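Number of protein chains: 2
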Amino acid sequence: MKRAMVTRRTALAGALASVPLQSLWLDAALAQSDPLPSWNDGATKKAITDFVARATTQGGADFVPVAERIATFDNDGTMWCEQPVYFQVAFAMDRVRVLAPQHPEWKAKQPFKALLDGDMKEVAAAGEKGLLAFIAATHSGMTVDDFHRIVLDWIDSARHPRFKRPYTSLIYQPMVELLGYLRANGFKTFIVSGGGVEFMRPWTDKVYGIPPEQVVGSSGVTRFEMGAGGKPVLMKTDQVEFVDDGPGKPVGINRFIGRRPIFAFGNSDGDLQMLQWTAAGSGARFMGIVHHTDAEREYAYDRNSHVGRLDKALDDGRSRGWTIADMKRDWRVIFPAELTSGSR
Amino acid sequence: MKRAMVTRRTALAGALASVPLQSLWLDAALAQSDPLPSWNDGATKKAITDFVARATTQGGADFVPVAERIATFDNDGTMWCEQPVYFQVAFAMDRVRVLAPQHPEWKAKQPFKALLDGDMKEVAAAGEKGLLAFIAATHSGMTVDDFHRIVLDWIDSARHPRFKRPYTSLIYQPMVELLGYLRANGFKTFIVSGGGVEFMRPWTDKVYGIPPEQVVGSSGVTRFEMGAGGKPVLMKTDQVEFVDDGPGKPVGINRFIGRRPIFAFGNSDGDLQMLQWTAAGSGARFMGIVHHTDAEREYAYDRNSHVGRLDKALDDGRSRGWTIADMKRDWRVIFPAELTSGSR
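Each protein sequence line maps, in turn, to chains A and C. Under the numbering used here, the residues of the first sequence are numbered 15 to 358, in order. Under the numbering used here, the residues of the second sequence are numbered 15 to 358, in order.
Possibly wrong hints are sitting among the right ones.
Just so you know, same-sequence chains aren't split out, so a pair can sit in one copy or run between any two.
[As the list claims (entries may be wrong)] Using 16 Å as the maximum straight-line C-alpha spacing, the simulated EDC-like pairs for lysine to aspartate or glutamate come out as follows: (1) 250 to 159; (2) 220 to 82; (3) 60 to 191; (4) 245 to 330.
Worth flagging that the hints you see were computed from the coordinates, not collected in a lab. These numbers come from a predicted model, not from an experiment.
Throw the hints in and build the complete structure from the sequences for me.
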């Protein structure tokens, strides 16, 4: 324990030149206590703290300069809950209901009709194609500024069907602590999600401490137009621009960040290529997977789930010695005690 | 003068919580002397320092929180020279010459034949389409890691035909000082260039102090593939992914940064929409244009230039009161005295 503290302080000195003061204060506080209080002691927690100690020990074989301490996190199922449906899908379905009066044609058009009739079996039968239709219809035809406001309004008012909490209160407390712990050790933290980048950016800074420019995600085509009174606007169209999922994740990391992560955390097969890309770099590496094993406190699912299916990545992770965080075993708490409702 | 210094210190206190220590030391040094020594005193320099004072004065009407102090800079012609051809085009033409032995078919194929024959008149006649052919042929078919090394090798060895200096020594000293001055005042600085993002990222950190993740540019499609021995690679293809120029600049800013800049600097009509987008936000704004007026020390060109044409943006900038930096009048020096050759 003492040794770990010394290591952390040495790393601190090395990081001094480019770590914000705010983080130094936080780190000083953390050094005196457990930096990851919501993680149970055990192999998973030790793998994390050992890696950070090695990467930040000046002169050590695994030392990584601050500029290269890039950490990427999937969002759905890794940073916040993704059941019973991806929260962005819940948002899109709520928006279809709100916008229905302006779209009388939806009454006769599937999958909109099924949703408006409350026939969720029929909605489910429409599969991913149906969900994409909801997203295309509700994420286009407005400016990016208007969409930003619509997202924040929904975040403030919507409640999760099972937990009856704001969706941004269903973030994983252990993972939020991990973000802070990494930042206190000179890491730059990024979200790299299959979710829409414009759905996440309005609230990630407040909820995760991750600013908009460190959020990578899927996106639609936007178009620059001269609006009323010569005021330019960016209009959201219904065309897909980029899908940041599966093999798209290393592509997105390369395009947006331009450096290979040394630390990556995911929870599904959609994160496999990000983890492979991270693992294939030289020097110290950390690859982590959240395994949803706790039906009581959250959900239990892996190989047979439609949402966040974890199959090949679980096998690969186990055989390659990646760190598997078992939610039931490793997490003392799941969600924050206090509600994180406000988005502003 | 005294008042400006006090203002700067007040701003500093406000920014303390999130500005790197390194910047604080730099700022302390700057506060004791002129923060922009390569800018001649006059209206342009005053417009810059007045804006920064206003944006950073706590409690002032134009105060901008640190998180929103986003500054975007075009690269070619704004941060470094772009004559007689864009430096990336010079790179592509050098690469065609190097790769010619592996491409015997180029001897019979225009515009490659013309270039290899040294017939620059014919190359010029091929226009932009010809240049894009050089770029497509030399920027694809290798991994992103290999391309990174090729760029750095070229940066280290190539010399500009007129100035006989490494290309990275043809950066504008006044603009480099401006980047440092803004960062010392809590701004986050970004490159937003029509140039290729993977051509810039290998050297922008060393040369401008701008890390890869703060460089936005044009890009080709990359593809994730499993390479030899199960080691994943990102392959560069010859398809265009995104053109970060003209109306593409606000689109790129929205996609990569996710916030609207409050400060933007460009030099050509390709920057007009970025400047319009910046100007259209609320609160304090700064829009700047570098006007190339110095044929003796650099180049003089605007409305009739093929490279970096400045026509509509010059008219709009003048009529809307944007800041026009007149190179001959406003810049005491153009290039750094010391060579910035090394890229590593």
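Verification of the supplied hints:
Taking the closest pair of Cα atoms, residue 250 and residue 159 come within 16 Å of each other only inside a single copy of the chain (10 Å); across copies the shortest separation is 33 Å, beyond that limit. Only between protomers do residue 220 and residue 82 lie at most 16 Å apart by alpha-carbon distance; the minimum there is 14 Å, versus 25 Å within a single protomer. Taking identical chains as interchangeable, the C-alpha atoms of residue 60 and residue 191 lie at most 16 Å apart only when both belong to the same chain, with a minimum of 15 Å there against 45 Å between chains. Within a single copy, residue 245 and residue 330 get their C-alpha atoms only as close as 52 Å, which misses the 16 Å cut-off; across copies the closest is 14 Å, which meets it.
No hint from the list above goes unmet by this structure.
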